[in-house]
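Engineer: These protein sequence lines are chains Z and W, in that order. Just so it is clear: in the first sequence, position 202 is 202 by our numbering, and no numbers are missing. Just so it is clear: in the second sequence, position 309 is 309 by our numbering, and no numbers are missing.
Please note that the accuracy of each hint is not assured.
It does not matter which identical chain is used: a pair holds within one copy or between any two.
Pairs of lysine to any residue, SDA-like flavour, derived with a Cα cap of 25 Å [claimed, not checked]:
#1 LYS326 x GLN27
#2 LYS326 x SER70
#3 LYS147 x LEU347
#4 LYS84 x GLY325
#5 LYS326 x MET1
#6 LYS326 x ASP56
#7 LYS84 x SER309
#8 LYS84 x ARG203
#9 LYS326 x ALA38
#10 LYS138 x ALA122
#11 LYS138 x VAL248
#12 LYS147 x SER291
#13 LYS326 x LEU215
#14 LYS138 x PRO219
Hints in this document: simulated from the structure, not taken from any laboratory.
2 protein chains.
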Amino acid sequence: MNVLILGGGQLARMLILAAAPLGIRCQVVDPAAESCAADLAPWHRMAWDEVLVRRDLLDWADVITYESESVPCALLTALATQHKVAPSAEALQLSGDRWHEKQWLSRLGVPVAPHRCIDSLADLQAATAELGFPCFLKWRQQGYDGKGQWRLNAHSDLASIWQAAQQRPSILEAGIAFTREVSLIASRRAGGELVCYPLTENRHQQGILIHSRPLADDPLQAAAEAHARRLMQAVDYVGTLAIEFFVVDEQLMANEVAPRVHNSGHWTIEGAETSQFANHLRAICDWPLGSTRLLAPTLMLNLIGQWPSEALTLAERGAHLHLYGKAPRPGRKVGHLTLRARSEGELMSHWLRLQPLLPRSEQPSSSE
Amino acid sequence: MNVLILGGGQLARMLILAAAPLGIRCQVVDPAAESCAADLAPWHRMAWDEVLVRRDLLDWADVITYESESVPCALLTALATQHKVAPSAEALQLSGDRWHEKQWLSRLGVPVAPHRCIDSLADLQAATAELGFPCFLKWRQQGYDGKGQWRLNAHSDLASIWQAAQQRPSILEAGIAFTREVSLIASRRAGGELVCYPLTENRHQQGILIHSRPLADDPLQAAAEAHARRLMQAVDYVGTLAIEFFVVDEQLMANEVAPRVHNSGHWTIEGAETSQFANHLRAICDWPLGSTRLLAPTLMLNLIGQWPSEALTLAERGAHLHLYGKAPRPGRKVGHLTLRARSEGELMSHWLRLQPLLPRSEQPSSSE
Chain Z
1 MNVLILGGGQ LARMLILAAA PLGIRCQVVD PAAESCAADL APWHRMAWDE
51 VLVRRDLLDW ADVITYESES VPCALLTALA TQHKVAPSAE ALQLSGDRWH
101 EKQWLSRLGV PVAPHRCIDS LADLQAATAE LGFPCFLKWR QQGYDGKGQW
151 RLNAHSDLAS IWQAAQQRPS ILEAGIAFTR EVSLIASRRA GGELVCYPLT
201 ENRHQQGILI HSRPLADDPL QAAAEAHARR LMQAVDYVGT LAIEFFVVDE
251 QLMANEVAPR VHNSGHWTIE GAETSQFANH LRAICDWPLG STRLLAPTLM
301 LNLIGQWPSE ALTLAERGAH LHLYGKAPRP GRKVGHLTLR ARSEGELMSH
351 WLRLQPLLPR SEQPSSSE
Chain W
1 MNVLILGGGQ LARMLILAAA PLGIRCQVVD PAAESCAADL APWHRMAWDE
51 VLVRRDLLDW ADVITYESES VPCALLTALA TQHKVAPSAE ALQLSGDRWH
101 EKQWLSRLGV PVAPHRCIDS LADLQAATAE LGFPCFLKWR QQGYDGKGQW
151 RLNAHSDLAS IWQAAQQRPS ILEAGIAFTR EVSLIASRRA GGELVCYPLT
201 ENRHQQGILI HSRPLADDPL QAAAEAHARR LMQAVDYVGT LAIEFFVVDE
251 QLMANEVAPR VHNSGHWTIE GAETSQFANH LRAICDWPLG STRLLAPTLM
301 LNLIGQWPSE ALTLAERGAH LHLYGKAPRP GRKVGHLTLR ARSEGELMSH
351 WLRLQPLLPR SEQPSSSE
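Whole structure, please, built from the sequences with the hints as guidance.
Structural biologist: Spelled out as structure tokens, the structure:
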């Protein structure tokens, strides 16, 4: 099997590492100035649209997938007329615009926070009057890792924040008093075979994921799976997908959907019988999906900006280092660390001992 | 860290897959016409000795390692004068010649089968008179996977088999009535830190490994570890090493030593906290070694000649496919399959269901 991956970041890198044992060869397309997947597979630097005329790559590929939401939907639609593309352009289109995403979720009965569509300062004034403070202005498109999001605390913030947001099409979301944030990773194959991983509890700092921990037998597991099943069936989704939820009064409220492998699923490499990356590939190759069972107590810590010394990190029993081959830079995800232990108690001991070694997260200063 | 790997077969491929998450970049040198590691790292096809004049590669590498016993010892010795080479030339020299290997093992008190050095038909006649039949003629150098080995059943075999062996320097080994074959994989770091994996029970067919199964708490574990420790300390070994043993009257008798990651340790990718590949890299980079604990009941099956359909294989829960990117060919190791289960009983059920899917092993017809 040959897989062409649109996007050449760490998600592509980890897909390639999961692909090789399955006998799948990968190539990567990314217009960016660097690609950390290029260590492990041929990287073609070109404008997105140029892919359409690269017959060599298109003929080579058995299936085309994407790891980045910055891939244009129109490109996927055009490619899909003659090639197998998974997940579909529709999935990216729905999740790639916060307004469409909220409509899609609501239509399918998945609860979301109260929100309004914002195209002008007048919209923003009207919406804050309805939703109250605090609330959050978020670009409809291209915001991630805390970028393109602003907290509004009072009427006096509106004009300056609408300016800071470059008056781009946005939504306003009511502030939600959530008790925790969880995500569900699920993989679905054409025809309907679907597997869900254990719900994962996530902690963010300044909009960036700091750590993820899979939860054995969380009481909200069944509800989350029902939501995932409904969303994926509705668009005949093929591949791995993540849904981030707020937990409010012990109920799930969807925050956003990522139509791809997801940072909060990196723990599956060591912690699950089959990783989210292997299951994404199995899904898009139309092979049977693998078991998602939790192997052992596991915790994933993101490495932001820089990474701790290998010698100190690896001295901790059950610590698995994942570096992405990226240069250190404030706010950049340069790797992650997965801890796997024999018991929850042992896991917590590892975590406490590693904590002082980890770089303190810093305010992101780049778009990555 | 930059690692130059001498040899570009599946062991290099799996080293590269373990290296990437640790932030280690690899390049590969192999004079062969193809390299299945080339999918994942730059492959330089050149005669072994040419490496000595490739300043670009040598300056790039922080450490040079090897995955193949066909690398000339003289090359390693020459490289080691100016570069870090691990494991050392000495380890390869001792294990790469069956006569030297037997002397080394005996000298360190590791039991071996009765054996004689054979340089002529007269030697062979004298040795069979002493050791009796059946016995085995084995080339001192370059035999592996059943190649370069002949069983002798009677005096009438001697002349024809000496001819078949091309009169090459050999040893004669007494036939051993062993009850089982086991191997120990161990990793050692400069300075002495040493970890051993659980003993692995192996089954061979026509000299090729068919399956390996790690044994929890085998009564011979401590004895095997003591042998490994003695051998590795004696040559200040750095990296991963395998010792194959016969079990005779519930005692270990060493058969051979491989100064590298080993086929009977492939189960460690899914079955151990840290794989033999990761520990080899951690050892040669002088980083702390990882835990070798057995995660779950595990079994590795070699795929010889060809591989079963992905769709059928992956339908089995806990089956992990590892293909090497090699074309199918009779007798060739093209991949392996690791089964991981929640219990020994479940493991056996998986194995029984997969058995009919596996290619029947065939007589090797190639040198691989």
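Engineer: Against this structure, judge whether each hint is valid.
Structural biologist: Against the structure, the hints:
1. For the homomeric pair LYS326 and GLN27, the shortest alpha-carbon distances inside one copy (19 Å) and between copies (18 Å) are both at most 25 Å.
2. Taking the closest pair of Cα atoms, LYS326 and SER70 come within 25 Å of each other only inside a single copy of the chain (19 Å); across copies the shortest separation is 35 Å, beyond that limit.
3. For a Cα distance limit of 25 Å, the shortest separation of LYS147 from LEU347 qualifies neither inside one copy, at 32 Å, nor across copies, at 47 Å.
4. In this assembly of identical chains, LYS84 and GLY325 lie within 25 Å of each other by CA distance solely across copies; the values are 23 Å between and 30 Å within a copy.
5. Taking the closest pair of Cα atoms, LYS326 and MET1 come within 25 Å of each other only across two copies (13 Å); inside a single copy the shortest separation is 28 Å, beyond that limit.
6. Only between protomers do LYS326 and ASP56 lie at most 25 Å apart by alpha-carbon distance; the minimum there is 23 Å, versus 29 Å within a single protomer.
7. Proximity of LYS84 and SER309 under a CA criterion of 25 Å is satisfied inter-copy only: 21 Å between copies versus 43 Å inside one chain copy.
8. In this assembly of identical chains, the alpha carbons of LYS84 and ARG203 never lie at most 25 Å apart, being 36 Å within a copy and 42 Å across copies at closest.
9. When the C-alpha separation of LYS326 and ALA38 is checked against a cutoff of 25 Å, the pair qualifies both within a copy, at 11 Å, and between copies, at 22 Å.
10. Within a single copy, LYS138 and ALA122 get their C-alpha atoms as close as 16 Å, which meets the 25 Å cut-off; across copies the closest is 88 Å, which misses it.
11. Taking the shortest Cα distances, LYS138 and VAL248 sit within 25 Å of each other inside one copy (20 Å), while across copies they are farther apart (71 Å).
12. Taking CA atoms no more than 25 Å apart as the test, LYS147 paired with SER291 passes in neither setting, with 35 Å inside one copy and 39 Å between copies.
13. In this assembly of identical chains, LYS326 and LEU215 lie within 25 Å of each other by CA distance neither inside one copy nor across copies; the values are 30 Å within and 40 Å between.
14. Proximity of LYS138 to PRO219 under the C-alpha cut-off of 25 Å is found in neither arrangement, the shortest distances being 30 Å within a copy and 63 Å between copies.
Hint violations for this structure: numbers 3, 8, 12, 13, 14, all remaining hints satisfied.
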